[in-house]
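Put chains B and C on the given structure of chain A with help from the hints.
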Amino acid sequence: MSRMKHVRRALVRAVLSLPSYALLIASAAVILFPLYVTTVDSLQPLQKLLSFPPDLWPDTPRWANYRSAMTDIPMPRYMLNSLIMASVITIGQVTTAALAAYAFSFMRFPLRTPLFFVFLSTMMVPWEISIIPNFQTMQRLNWLDTYQGLTLPFLATAFGTFLLRQHFMTLPRELKDAADIDGYGDLRFLLFVVIPLSRAALATLAVFSFLQAWNQYLWPLLVTNDPDMRTVQIGIAALRDEEVQRTNVVLAGTVIALLPMLVLVIAFQRFLVRGLTAGAVKG
Amino acid sequence: MTTDARLLPERRRGSVARSLRQLAAASPFVLPSVVLFGVFVFYPLARSVYLGFHATDPFGRREVWVGIEQYRDVLTSSDFRYSLLVTGQFALYTVVPSTVIGLYLALLAHQRLPGILLFRTIFSSTVASSVAVSSVMWLLLLNPGVGVLNYLLDEGGLPTASWLTEPRWALPAVAMTTVWMNIGFATIVILAGLQNIPEELYEAARVDGAGRRNQFLHVTLPALSPTLLFVSVVGVIFAFQSFGQIHILTRGGPLDSTTVIVYSIYREAFLHYNVGLASAQAIVLFVIVLLLTMAQFVAAQRWVFYR
Amino acid sequence: MRRIALLFAVMIAGSVLSGCAEHGVRHSGGRIEVRLWHSMGGVNGGALQKIVDGYNGSQDVYEVRAIYQGGYPDSLKKLVSSFGTESMPAMIQLDDIELRFMVDSEATVPAQDFIEADAEIAAPSVGLGDFEPRAVDYYALDGKLRAMPFNLSGPVLYYDRDAFREAGLDPDHPPATLDDIRAASERLLVRDESGSIKRNGIALSINAWYFEQMLAKQGALYANNGNGREGLATEVVFGGAEGEAILTWWQDMVRSGLATNVGRQGLQALLAVITGKSTMAVESTASMRAILAALGPAASKFGAAPMPAPAGEGGGVVVGGAAMWIMKDRPEQERRGAWEFLKYATQPQVQAQWHFDTGYFPVRVSAWDMEPAASLHRDFPQFAAARDQVLRSPRSLATAGAVIGPFTQVREGIETAFEQILVGGETPRQALDRAVRDANRAIERYNRSVE
Numbered sequence: 673m674s675r676m677k678h679v680r681r682a683l684v685r686a687v688l689s690l691p692s693y694a695l696l697i698a699s700a701a702v703i704l705f706p707l708y709v710t711t712v713d714s715l716q717p718l719q720k721l722l723s724f725p726p727d728l729w730p731d732t733p734r735w736a737n738y739r740s741a742m743t744d745i746p747m748p749r750y751m752l753n754s755l756i757m758a759s760v761i762t763i764g765q766v767t768t769a770a771l772a773a774y775a776f777s778f779m780r781f782p783l784r785t786p787l788f789f790v791f792l793s794t795m796m797v798p799w800e801i802s803i804i805p806n807f808q809t810m811q812r813l814n815w816l817d818t819y820q821g822l823t824l825p826f827l828a829t830a831f832g833t834f835l836l837r838q839h840f841m842t843l844p845r846e847l848k849d850a851a852d853i854d855g856y857g858d859l860r861f862l863l864f865v866v867i868p869l870s871r872a873a874l875a876t877l878a879v880f881s882f883l884q885a886w887n888q889y890l891w892p893l894l895v896t897n898d899p900d901m902r903t904v905q906i907g908i909a910a911l912r913d914e915e916v917q918r919t920n921v922v923l924a925g926t927v928i929a930l931l932p933m934l935v936l937v938i939a940f941q942r943f944l945v946r947g948l949t950a951g952a953v954k955g
Numbered sequence: 102m103t104t105d106a107r108l109l110p111e112r113r114r115g116s117v118a119r120s121l122r123q124l125a126a127a128s129p130f131v132l133p134s135v136v137l138f139g140v141f142v143f144y145p146l147a148r149s150v151y152l153g154f155h156a157t158d159p160f161g162r163r164e165v166w167v168g169i170e171q172y173r174d175v176l177t178s179s180d181f182r183y184s185l186l187v188t189g190q191f192a193l194y195t196v197v198p199s200t201v202i203g204l205y206l207a208l209l210a211h212q213r214l215p216g217i218l219l220f221r222t223i224f225s226s227t228v229a230s231s232v233a234v235s236s237v238m239w240l241l242l243l244n245p246g247v248g249v250l251n252y253l254l255d256e257g258g259l260p261t262a263s264w265l266t267e268p269r270w271a272l273p274a275v276a277m278t279t280v281w282m283n284i285g286f287a288t289i290v291i292l293a294g295l296q297n298i299p300e301e302l303y304e305a306a307r308v309d310g311a312g313r314r315n316q317f318l319h320v321t322l323p324a325l326s327p328t329l330l331f332v333s334v335v336g337v338i339f340a341f342q343s344f345g346q347i348h349i350l351t352r353g354g355p356l357d358s359t360t361v362i363v364y365s366i367y368r369e370a371f372l373h374y375n376v377g378l379a380s381a382q383a384i385v386l387f388v389i390v391l392l393l394t395m396a397q398f399v400a401a402q403r404w405v406f407y408r
Numbered sequence: 096m097r098r099i100a101l102l103f104a105v106m107i108a109g110s111v112l113s114g115c116a117e118h119g120v121r122h123s124g125g126r127i128e129v130r131l132w133h134s135m136g137g138v139n140g141g142a143l144q145k146i147v148d149g150y151n152g153s154q155d156v157y158e159v160r161a162i163y164q165g166g167y168p169d170s171l172k173k174l175v176s177s178f179g180t181e182s183m184p185a186m187i188q189l190d191d192i193e194l195r196f197m198v199d200s201e202a203t204v205p206a207q208d209f210i211e212a213d214a215e216i217a218a219p220s221v222g223l224g225d226f227e228p229r230a231v232d233y234y235a236l237d238g239k240l241r242a243m244p245f246n247l248s249g250p251v252l253y254y255d256r257d258a259f260r261e262a263g264l265d266p267d268h269p270p271a272t273l274d275d276i277r278a279a280s281e282r283l284l285v286r287d288e289s290g291s292i293k294r295n296g297i298a299l300s301i302n303a304w305y306f307e308q309m310l311a312k313q314g315a316l317y318a319n320n321g322n323g324r325e326g327l328a329t330e331v332v333f334g335g336a337e338g339e340a341i342l343t344w345w346q347d348m349v350r351s352g353l354a355t356n357v358g359r360q361g362l363q364a365l366l367a368v369i370t371g372k373s374t375m376a377v378e379s380t381a382s383m384r385a386i387l388a389a390l391g392p393a394a395s396k397f398g399a400a401p402m403p404a405p406a407g408e409g410g411g412v413v414v415g416g417a418a419m420w421i422m423k424d425r426p427e428q429e430r431r432g433a434w435e436f437l438k439y440a441t442q443p444q445v446q447a448q449w450h451f452d453t454g455y456f457p458v459r460v461s462a463w464d465m466e467p468a469a470s471l472h473r474d475f476p477q478f479a480a481a482r483d484q485v486l487r488s489p490r491s492l493a494t495a496g497a498v499i500g501p502f503t504q505v506r507e508g509i510e511t512a513f514e515q516i517l518v519g520g521e522t523p524r525q526a527l528d529r530a531v532r533d534a535n536r537a538i539e540r541y542n543r544s545v546e
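Residue numbers (my numbering), protein chains in the order written: chain A, 673 to 955; chain B, 102 to 408; chain C, 96 to 546.
Isolated chain A, as found in the complex (with noise of 0.2 Å):
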């Protein structure tokens, strides 16, 4: 008899949820329609894109457009390029924003406050303002073309260095206390108790400023002129004026570029949501 009821209550609970679970899949239907069609048309030949009305399952998928798409521009350079320096601005933010953040949260020195404010400050000046004379200063320094010219102006991130200290703010103070006993010095402190106890924050970190870094568009669209340093994003934008009419090839070509970041941030999915959770949201 309860065995039944067990059975009818969860059938009635599958019931009450279909309209909960309609709109879930609606609502995946429609943010994932770019992604479909994309994929689609990366997949047909040239006459099926041109047609009316469009074709929405590839009957005959080409392939050959993802051997163009990588061996028609240098894809694969591009992607080295691009892992290249999202690598070198995420250890850069990381490491920037944790030993900033690690000053702020554990450690008391003057103009701590003034000093706070500063960071503060560069969240308010736009970027519009700073392309212009790093552009300059690169071009001065020859470091156009270069991993540098990509990638310094990015090592430091405020966003990040509050990210952290919101997190470290939530440590036990007592574990300072314990160590300064143990004799561990502030860097020691830094590496072998708050790293360790920041994994969560530091991978949220790590993930948006990889994703961040690895879509850029502007920076590198202006410091770059050599093929051989271009990134994805460049990449394939360059692949669409160039090849205009070969619509498939580009959009194979976009998928490309689309997928490391898409594993990431499946495989990454938990750091996503909750490393910005535990009180590190709060305007």
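Note that these hints are calculated values from the structure, not bench results.
Since the model is a prediction, treat every value here as computed from it, not as a measurement.
Keep in mind that the hints are not guaranteed to be accurate.
As the list claims (entries may be wrong) - Ranges of calculated distance between the beta carbons of each label pair, as one might list FRET restraints:
#1 C:S291 with A:R749: 31 to 37 Å
#2 A:G855 with C:V120: 57 to 63 Å
#3 B:Q342 with A:A850: 40 to 46 Å
#4 C:S291 with A:M795: 42 to 48 Å
#5 B:Q296 with A:R749: 39 to 45 Å
#6 B:F317 with A:F789: 35 to 41 Å
Glycine included, every Cβ here is placed at the ideal spot set by N, Cα and C.
For chains B and C alone, kept in the frame of chain A given last:
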């Protein structure tokens, strides 16, 4: 009393030494960031002001002092004011839908249903799509002849348009692309905010007899207000810095209807080679953004609930 | 302020890998590398690569490396940003309108210098005589040839011969003046049962270049001081009756439904003709080859004729296209390599092949009759019309083309004027006056900054 007076100078000296020691200890931690900010944020600010006062030759070789002429040009130019308008419209068209849709998706994804993690992943997936990827994708979708969007509209009996080449629709079309890009981020942040709301608040409301709707209005929304503010502020900042989508989708046209300020500055500096004028535009923009941010915080004091 | 920033930068530089090469000759596989920045995408890019490969294979001192840098404006922007840095190429292909800009930059070596120093070319039997004289007219300023013309094109009218026949028009005598186009369009208009237009007369795309060509065809000047060739141009003169006639015609045609406005994207006008939405289109010959090849046997359906213009006397087309500039700031050996490459690339035989592969006019007159160019004309008679238009253009200041510094901005102003009269609701006079005002302001600012 005499003992105290003799003690004073020593204690003051000791505290100065301690402050210096603290500063020395903290320096290696903050210096990397400070130096980088100095070179890549503050120096450019000063240099942009300087450049705004000079007319430059197209080849980057000479600068001639022209006083406030370029700043005056910018403030009186109808083109600049128009692009401010365009930027403001763009911010409105992107921030409001992104926040609202993000809230909607986050609420959907907050339910405790089996398989919800899949939907959460899907909703946040657009965060992986870069400006270039999204723009190239939407360029095809928005194609008036063979794009899927017009096909679907047609099937549904709705009017179609040449989205990116009609002055009336180009900006909303670019905004739609941007909103799609932003919803992933908005969903993630708002979801985190939702998960932060303690269950006790809901229980207290239920005890008071509040139904689902009232719980939403009186618990969820107020508790989310800092998060929503954060998403809006970030959204406005992104809107004001948007460049890639416009460069790929419309190049600022048609009829300058998608020329947001960043694009105008880029065009002035790198296509018309007027670095001085472009810098003046950037500085004027900075002042406006500064005033806007201060206004946003003042408004926040009135609308946002902090626990 | 700048010194402090540089100090910071040097501090950072000290701890970072410097990847920059010394400012010396570039080498590649034992040869001297000569970088060429170009804007030839798709099929034309392949054709350029063929020339480069041919040159590299013909000698072993220089290795030319062709790098696609996007469209001409993007390429120029990158060039300017590379001044004074290691990034600069030895050669760059830029479109005709950048003539004044490049000369003012003082960053190039005039082709004339190379010509005079090169015994081979100075020899009377070779000389410059065989070069397309109108192209030489274009790129010569103050008696010196500044850049080497490389890919020349002209505007033509494409039209659907079958549609002409159906409408009772003679496909061998296509309309020549704007009034003729209007008359023909009225007969070519096809409506469906509900009265909406299924096919109209002509598809028009917004491109300031067509405006310039239509002015030249009336023998009208674009800028003062002899189109900027007798002295520095200080203002534009296209705001007169000839300019207004063009805009008025354009607006009338679109408003009456006889013409479709296809916007600013290239090739859209021709696509409208191919898909049957319009019967005629004005396009550049630059893509003629690719299009005709893509059409296959259907290509014979389409004819080509000289671009129409308001009826006028003594006019012709401007043959500008794009040219190759050799940069001054690269080592002597790279400049020499660039010049040797250009000599190779402008040989009649190479140009005949280039014409066959791309449809660009050869820069050598004798190349028109060489194979494979000759067989191309047999298969596609459309090229004959394009060639005739050039041959019949008188050489004058108007057809030599205008020389203005901020040409791109002036063109933007013209295209805005078109958009204003087509979608914005202004009158041609209003739009034209505004374009003139904006152009003059840009020229004044430019001239002031480079003097």
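Of all the hints numbered above, which does this structure not satisfy? Sort the numbers upward. 1 and 4
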